[in-house]
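Visitor: Chain order of the listed sequences is Z and F.
If you're matching positions, the first sequence starts at 38 in this note's numbering and goes up one per residue.
If you're matching positions, the second sequence starts at 2 in this note's numbering and goes up one per residue.
Because the hints were derived from the structure by calculation, they are not lab data.
Fair warning: there could be bad hints in the mix.
[What the hints assert, rightly or not] Capping the alpha-carbon separation at 25 Å, the derived lysine to aspartate or glutamate pairs in DMTMM-like fashion look like this: (1) F:K108 x Z:E121; (2) F:K108 x Z:E141; (3) F:K108 x Z:E137.
Chain by chain, the residues:
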Amino acid sequence: MILDLHAHSDASEDSRAPLETYLKWLQRKRDLLPIDGIVLTEHRQWNPAADYRSLEDHYGILILRGAEVETEYGHILIYGVTDEMTRRFDFANVRLTAQEVVREVARMGGVAAPCHPGRPTIGLCEHYAAGKPPLEGVVAVEALNGGSRRGENERVQALIDTYGYGAFGGSDAHLVSLIGICATEFDDDVRSTEALVAALQGRRYRPVDFREQVRAARGAA
Amino acid sequence: MSVPVDRSVVGQEFDRTTFPPVTADDILAYAAAYGETDAGWSRPGPDLTAPPTFSFSLRGSHFMPKNLPTHLGRHAFDAGKDIEIGVAVRPGDVLTAVSTVHDIYEKTGRTGAMTFVVFRTAVTNERDETVAVIDQKMMFR
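Just chain Z, with the same shape it has in the complex (with noise of 0.2 Å):
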């Protein structure tokens, strides 16, 4: 089962891409980015109520929902938002103590797992390069990052050598074109929230990188 694990809608506010449309590109797609689901981790924020099940129901693909929040080694995606989770951090706040996020929300069911490492400022890479001690309980690290320049992605690898970390991906798209070109797929069955949480900490999944063959099917049209 392959999910993108990181995408934006329009409800982020750098984000042009309505989420039906993402769905229907997806649908469009399918030879070429083979998504049963996409996890939206809206910048900053979460909607407890948003109710995407019949657009799941028009398009089937899964649609699960988690939020990137920002600290102090940079962007970490949350997966299981839950009520006790958003009354202990605000989501808004682009403060907030990465150690107290990965602790707290693994307490409270969910996973907490730095997004894009090898991206400078906001990346784990370059806090801990830096010297900053390494955070405890991470499970996850997002090893491929659709949204990553050249260079960013390939730090990753020793970030996953050092520590254990385990690897997922997610395409980070803020644009409709850019859903699902890096993904992670799952040897287990996940269909939700829930089951994404438990799957994340065990490490029967990997990254796919469906860019390369998105560039050729773009360049043999």
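Got chain Z sorted already, so can you dock chain F onto it with the hints?
Guide: Chain F in isolation, oriented as in the chain Z frame:
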């Protein structure tokens, strides 16, 4: 790390300007300025309406409030507009633009921390119909 941003000015109205009645010449000049060829927007006559973007050319008395927090940053640039277009503008319409500080938020990116201020300008006509709602973002650092 920097101090949290002061959001006390959010919601504050900082400009309210009512403009002289729109004339057909105003509309035609605006359309001509960017080479508009659609007859409905560029040909004099009873069916003339302003191009949808006409209200963006209006300039109130203040672009931003005088009491904007000073710690937002030394540098600022235009970070784009979100525009919702309402009813058409016709010759004789009297437009009023009301500007408020709609939002202030922070984010971090590859190049560091940024603060965004969103100035919302609501343009209405003399019938109180919405002509446009313009969210102008400015990024400070």
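Visitor: Hint by hint, note whether the structure agrees.
Guide: Verification of the supplied hints:
A distance of roughly 23 Å separates the Cα atoms of K108 of chain F and E121 of chain Z; the hinted pair therefore holds under the 25 Å criterion. The straight-line distance between the Cα atoms of K108 of chain F and E141 of chain Z is roughly 22 Å, inside the 25 Å bound, and the hint therefore holds. A hinted pair counts as satisfied when its Cα atoms are at most 25 Å apart, and K108 of chain F with E137 of chain Z qualifies at roughly 19 Å.
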